[in-house]
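Asker: These protein sequence lines map, in sequence, to chains Y and Z.
In terms of my numbering, the first sequence is residues 1 to 335.
In terms of my numbering, the second sequence is residues 1 to 181.
Any given hint could be a false lead.
[As the list claims (entries may be wrong)] Pairs of lysine-lysine, DSBU-like flavour, derived with a Cα cap of 35 Å: (1) Lys155(Y) <-> Lys66(Z); (2) Lys169(Z) <-> Lys155(Y); (3) Lys155(Y) <-> Lys238(Y).
[Claimed, not checked] Cβ pair distances, simulated, as ranges: (4) Thr198(Y) <-> Ala26(Z): 26 to 32 Å; (5) Arg69(Z) <-> Gly133(Y): 42 to 48 Å; (6) Ser296(Y) <-> Ala120(Z): 17 to 23 Å; (7) Gly97(Y) <-> Pro129(Z): 51 to 57 Å; (8) Ala21(Y) <-> Gly78(Z): 26 to 32 Å.
[As the list claims (entries may be wrong)] Okay, the calculated bits of chain Y under chain Z, using three or more residues with CB under 8 Å as the criterion: (9) 31-39; (10) 267-281.
Just so you know, the hints here were simulated from the structure itself, not pulled from any lab data.
All residues carry an ideal CB built from backbone N, CA and C; glycine is no exception.
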Amino acid sequence: MSEADRSDYLFDKTGEDPAVAELEALLGGYAHRAPLREPPARRRRHRSITAMTAAVLVMAAVAAIVIWRRDDGAAGCPSAGAGFAFAVAGGPARCGGGVALQGTLPVGAWLETPGGAVADVRVADIGQLTVYGDSRVRLVGTGATGHHMELARGKLAARVTAPPRLFVVDTPVASAVDLGCAYELAVEADGRTRLRVTSGVVSLEGHGLVAYAPMDTEVLAAPGRGPGTPVAITAPDKLRAAVARFDGGDPAALRAILEVALARDTITLWNLLSRTAAADRAAVFARLDELSERPSSVRAEDVLAGDPGAIERWREALDDDWSCPGCGQKSKYKK
Amino acid sequence: MDAREPTVAEATVAELVVAVQGGSRAAFGSLYERFHRVVHAVALARVPACDAGDVVQDVFADVWTKLARLREPAAFPGWILAMTRNRATDVARRRRPIDVAGDLAADLAVAPPPRVEAAAALRAIRDLPDTYREALIMRLVEDLTGPEIAEHTGMTPESVRVHLHRGMKLLRERLGGEGGP
């Protein structure tokens with residue numbers, strides 16, 4: 001029997017081919033299911049629209065010049081040159097002390113967006129930041145070995161296509177280290193920081209703590225404490241409250257976390273392995289071991305002793321489910 | 001005699017393209033529904049999974065703004081797939097580890113892939129020649145049949161059949177067995 005006769009299933013799904021069916025099941029988790037995003041505005045050529053746009057631009061330019069002149073001669077940011085290009089919609093922003101609708105954010109300069117404005121910032125050739133209103137960001141440094149920014153207040157969304165750890169955003173209480181793809185970062189007036197990872201993985205680091213946050217998890221970082229323990233965005237309020245108490249210094253909250261934790265919370269439990277010791281770590285280990293499939297290469301005694309290598313190997317096994325829930329046929333979550 | 005205009009669901013790709021050029025968002029949504037999976041497959045053949053979705057959205061944003069330049073509506077499948085290959089190649093080039101010395105080199109692996117077995121299978125497909133890997137990803141990942149792949153790529157069904165079978169033969173060899181994955 002020829003290859004074609006045997007494998008019609010491959011072409012039109014008639015007949016059977018178990019090997020192809022197995023590959024379909026294995027790879028189906030990669031299939032594209034996302035809805036269409038709102039398309040960008042098209043350029044219109046009607047004279048009335050063009051005239052209206054021109055009038056708005058002239059008014060904006062006049063307003064910018066007036067505000068600029070009130071700025072006691074602040075130099076502002078250059079229109080081109082070294083740094084990150086940006087463009088602002090919804091009103092002029094302040095860049096380097098001056099007013100700007102677009103330009104280049106040089107190293108050391110602050111970009112401040114007023115309420116209602118949104119700035120798009122191009123991060124070298126590796127990605128894009130959306131800086132929302134009432135935010136203050138600074139370019140700390142940029143070069144071949146990395147790009148470093150600071151978010152002092154407000155909110156940004158980052159989308160980065162680069163090797164891990166190449167893009168870092170500092171906040172007053174932690175540093176968000178990109179390990180691949182997309183996240184949102186918000187900083188409140190007191191420095192309290194909230195990270196939400198929408199794709200890939202981000203490491204939130206500070207005060208000697210590291211929070212490993214894959215897609216669909218959130219992390220809070222508070223002044224004086226550094227990054228807290230990540231939670232799944234689908235985690236119930238009871239678990240979030242218990243994690244907040246634990247991160248705030250209440251070790252008794254660990255019991256509540258372990259009681260509430262389900263398979264979706266393995267990200268919380270895995271991070272807790274490095275934030276606990278002795279009997280507490282043993283309790284976390286026991287619950288994580290119940291909820292997930294521990295690889296044979298990860299020995300219980302090594303995890304209980306806090307061996308970083310063993311804990312990392314367990315993470316690598318869990319990463320598959322955190323990064324792509326439902327991918328493949330087997331899950332390391334126990335049902 | 002029924003003289004009504006075809007709905008977007010009934011329209012041909014060329015009719016949808018003309019409607020989108022005229023500003024129809026409904027037709028644009030229908031084009032997305034028909035083509036997002038082949039666009040994703042072409043992207044996934046070249047870039048990490050977490051970037052492929054962004055490539056799809058970027059390509060369709062370009063379709064919306066640049067479709068007026070397409071003079072022959074029936075050429076849309078080839079046009080959008082060429083645009084996708086260019087966009088994905090750009091993203092893959094930026095993803096490539098940069099050439100720096102020191103400890104940073106140890107950090108340059110791409111983000112951890114989904115499931116080990118799935119990632120290994122996808123990697124094996126990506127190592128195949130272009131023509132085979134795109135067709136296999138459309139079939140095995142996006143769950144399109146051979147006739148659907150032909151319709152959305154402009155290839156003949158027979159060419160698709162040949163690509164799928166040759167690609168699958170190579171893939172079986174590379175996955176190391178008679179039994180597939």
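Asker: State the violated hints by number, sorted upward, taking the hints as numbered earlier in the document.
Answerer: Structure breaks hints 2, 5, 10.
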